[in-house]
Structures are given as C-alpha cells and as structure tokens.
Amino acid sequence: MNHLIFSRSGLASIAVAIALAVPGAPHAQDQAGAGNWDMIRQSMFAGRTIEEDGAKLVELETPVRAEDAAVVPIAIRTRMPQDPAQYVKKVYLVIDRNPSPVGAIFTFTPESGRADIETRVRIEEYTNVRAIAETSDGRLFMTTNYVKASGGCSAPAGKDLAESMARMGRMKFRVEGEVKQGEPALAQLMISHPNLSGMAMDQMTRLFTPAHFVRKIEVTYGGKPVMSAEVDFTISENPNVRFYFLPRGPGELKAEVVDSNQLKFESSIQVKPGTAGS
Amino acid sequence: MTRESEFRFAWRLAAAIFIAVAVEAPAVAAPLTVREVAPGVFVHFGAHEETTRDNLGSIANIGFVVGEKCVAVVDTGGSAALGAQLRESVRAVTRLPVCFVINTHMHPDHVFGNAAFSDEPGVAFVGHAKLGAALAARERGYLDRLHQEIGDAAAGTRVIAPTLTVASTRDLDLGGRVLNLRAWPTAHTDNDLTVLDAQTGTLWSGDLLFVERIPSIDGSLIGWLKVLGELRQLEPKRVVSGHGDAGAGWRAAIDRLEEYLAVVRNETRSAIKARRTMQAAVAEVGATQRGKWLLFDDYHKRNVTAAYAELEWED
Ligand SMILES: [Zn+2]
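Chains as they are written, first to last, in the numbering used here: chain A, -17 to 260; chain B, 82 to 396.
Honestly, I wouldn't trust all of these hints.
[Unchecked claim] A few chain A positions that, by computed beta-carbon distances, are all more than 10 Å from chain B:
hint, residue
1, 18
2, 128
3, 143
4, 174
5, 198
6, 202
7, 238
[To be verified] If you want a taste of the chain B side facing chain A, the calculated C-beta under 8 Å gives, among others:
hint, residue
8, 271
9, 297
10, 301
11, 364
12, 368
The set of hints was computed from the structure by calculation and includes no laboratory data. The C-beta atom is built at its ideal place from N, Cα and C for all residues, glycine as well.
Make the full structure from the sequences, and use the hints.
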C-alpha cells in the first residue's frame, strides 16, 4: 500500500514525493523522518544555512502526543518585531513524515504586527515537526519538535461528512479582545471545509476519492496584506487560523480563500481601533 | 544460507503456514465464552482494554441471537481471528446457519471479525445506510492500526461492506423470531444501528451505551445526547451495551453516560464562550469526571477535542 502524493496546491513547486512505507512496518532507521527532511531541505533551502536556534527567534508549541491525530493544535511564535527594516517574512511548517510534508507556508509583512500563527494540523505518523522562519534579509531559523500521532491524514474528513459538505464555505471571522491603534491585534478565521486529503479509499471502486482542500488564504487590512497562507490537506478539516494584524486606523479586515477546485470564499469585518472588534 | 538462517527461514515458513491455516480454517479456533443473557441471546463480554495481541480485539461486546431457522450475529470483534472464535461459539450452541451478520457501527472492535463469516452460505452483512461509506473512508487507517497493535495476528482481517442496509427501520426474520433494526441520526458515530429482540425484550444498543469504559465521541456530542433521550422511550427489559454490562440496570447506565456527555458539552461551551483556545479547553474540561470511567486518560482529551471542534460552529 505505497502512495505517492504530489501536492496539487500552490506548494507544487516544492512538492516532495514521499513513498509511505508498508502499513505496520517499523521505520527503525528513520524514526522521525530525517530522510524526508534532507530532501525537503535540498529542494527548498539548497546551499543556505539554517540556524537551529531552539526557541530564541522561533518558538513552536505542539503537544508531545496528539489526542486526535486529525486535529493537532500547533502555535508558532516569532520573537522579532515586524520592523520594516527587518522582519519575519515567511514561516514554513514542515511535518517530515506526512504524505505532503510541506504543509503550510505563511507570509507576513510589517503590517502583520507579529509573525505568529496558530492552526490545527493532521499528522500521519510519529514525526518531527519543524517551524522555519525566514527573515526579510534572508536568514533562516528553525525549531523542531517531535510529535507522537498517527493516522491523521488518512482519517476521513469529518465525523459527519454529509454535515461537513453541506456547510462548506461558511466562515466565522472575528477579532479577539480590544483593538488598539498601533498595537498588534489577534484575529481568528474559521473556514468550514472538509479539506479532503484524497487519501481515503472508495471501497466500491478501489480508487482514492479526489482531494478537495483549501489551498490559499489571503488576509488584508485596509487593502494591505497582513497574512497569507499556502496550505493543503495537512491543515485539519474546517481550517482555523489565528494571526495578528496592525491597525493604524479604522479599516476592513478581509479574508479571501481559494480551494483546490477553484472555489472562492470571502469574509470581512470592519475594525475601529479603540473599540472592541466584532 | 548459513544453517542458522536456514533454520530461521524454516521456522518462519512454519509459522506462516500455521497462521494461514488458523485463518483459513476457523474450525481450529477455540470458542469464546458466551453468556445466555436471555433465551437464545448469547453475549461474549469484551475486556476494558485497548486492542492487543493477547486479546485480539476482544474489547467490545459481541454475540448472537438464535432463531428457529437461522442465527443473527451482532458485531464480530476486533479481528478475523476473534471472529473465527465467535463462529465456534455459535457452532457450539447450534448447527443452524448464520443468515445475518449485523454491525452496530463502523468501529474496528465491532466489525473486524466479519471476514470469519464471509463463507457462510447466503449470509447477509447488515448495517446502517451510512456504514459502507464510513468504513470505506477509514479502511486504510483502521487496518494500519490493527497491524500495529496485533502484528501478523491481523492476517485475514479485512473490511466487509454491508450487503443489506438500513436507512430507518427494518425487520429481520430468524424463523419464529424477528429482530427490529433501527438506524439512528449521528450520535456515537454517523452510522449507529440498534437491534431489538422483541421476543425477550433485549436491546443491542451498540456503542450508543457505554458502561464503565469511557465513551468515545466520533459522531456528534449534541446528536448523541438527543438519541439517548429517545433510547429511554424504548423500554427494553435489558440492554446489551457496546461495552460493559448494562443489563436490566440500563437506565442508570444511560444516566451516567448522559452526565459525562453533558459535562463535556457544558464546560466546552463555556470555554468557547470565554474565548479559551482548544488547547486550553482540552486541559481544563471534564476534570470532575476522572475516576468515574476506565481508560479515562486514553480518550477524554480526544473527546474534548471533538466536542470543541463541533461546538465552536454552534450559533
Ligand atoms: Zn464504537
């Protein structure tokens, strides 16, 4: 039961084909997916130094053991101010042993206020999870955690697929707490989407059901980009992201979402600094 | 080949043949102990454990009902090897054929013994209308996990899709005995099915009812609480629960399950209202329930994760 998974999302240019091992076979020599990481590193960061900095610039919060491998909450926090002179430009999320290891690439700007992100992911096997921050001057910093989880990607979307499909495209978008002029504000975007991995097999046809997942999320405030994410089915069903933006005055916080079938969804909220967000 | 490796090879070959024979010919399997909880209703009670090589997935209650014409098996256990043992238990009681294999829902500990009955002449595999799709979607994950848990003892285990499905209700005639099947809206899973043996007033609830072992939420928390309210109206004499022994004390068992689910619902709702994150809710919700359920630490946090993911979309 070997699979070759090629990402069809915007991540395709750096897609890495990984042959999954026979079910139940031990991965003694490659427990955490070090071999996959070498390939990813070669294809994405060839010739560049990655500073393994522990938690000095990029902090990664993951559970040691996932309670539900299909919904593993993670948080990435960076410790550099988003100063236009030097800021965190990108954060890469790599899950070495997942069928699509490069699960997300987040892009930030000085208008982000903080280059932090929280989301929920699927984890297929016991694996290293990496957060790699790239600064605007091209330096790379990485923090790696080991997570015990299994079966998250091949888990079907949803405990109730009919309900999940019926609700597809609905969004909940809000700003957390009081929004103050010139201070980073926390926002949460929830997107109702089955985010099908395409790895569940149809028993009648013996074919894998087609993947159908959110592939791009773009958020602007007052027309300026604050956070964008290239993602795939690594993100759990009903993608949920928490991120910051820097309100310099009243404006519209707007999220545009595109999925792998080119379906587009959008949601926006009006923000007035000094008052609580809607 | 050295002599040692030749020896190892021969030993492995012998072991492989032994396993193949054991699976191909269930006649060598030892029957499971069953208890006749009502005339003609036999139950093998599973252990409150995770699936291991030792228990072969005997962790849920499985059994059969004997009519005048034939036998209906209700759930088959967590592996083909265990299913073969259940089949021997049937054979020890009656020579009547098995005409129905009923699965109460998709979980591996209830369906993975099906293969042991696949060569019963004319047998129908019976399940909820959504069981086939649910199994198809989870097949690879379930089989992978079983291989991890019990290794080559998983040989012969496979998913068998239902050949007779139930969208609302359906009666199965065993000859002089009719079973009333009922498909439920999403609760423990999205494919829960109950089996009522009207003759003895015995209701097989599947995992709509857990006793002692912590329930697992794999459908809808809100849906499950609704269905429990409806189960009370059925007024059976006894209930064969999916786990633990509800028996005649089934009302108290529903009370305990309802308490757990309601606490998880209420506290998770409060956490979401208070803008607590999923991680925070998972650490905080339901602490008072620890000590009331076996295997609490193995499933409770996953239940809160599921509850949070469901309830954050309310309103
Ligand atoms: Zn179950």
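Enumerated hints in conflict with the structure, sorted upward: 3, 4, 9, 11, 12
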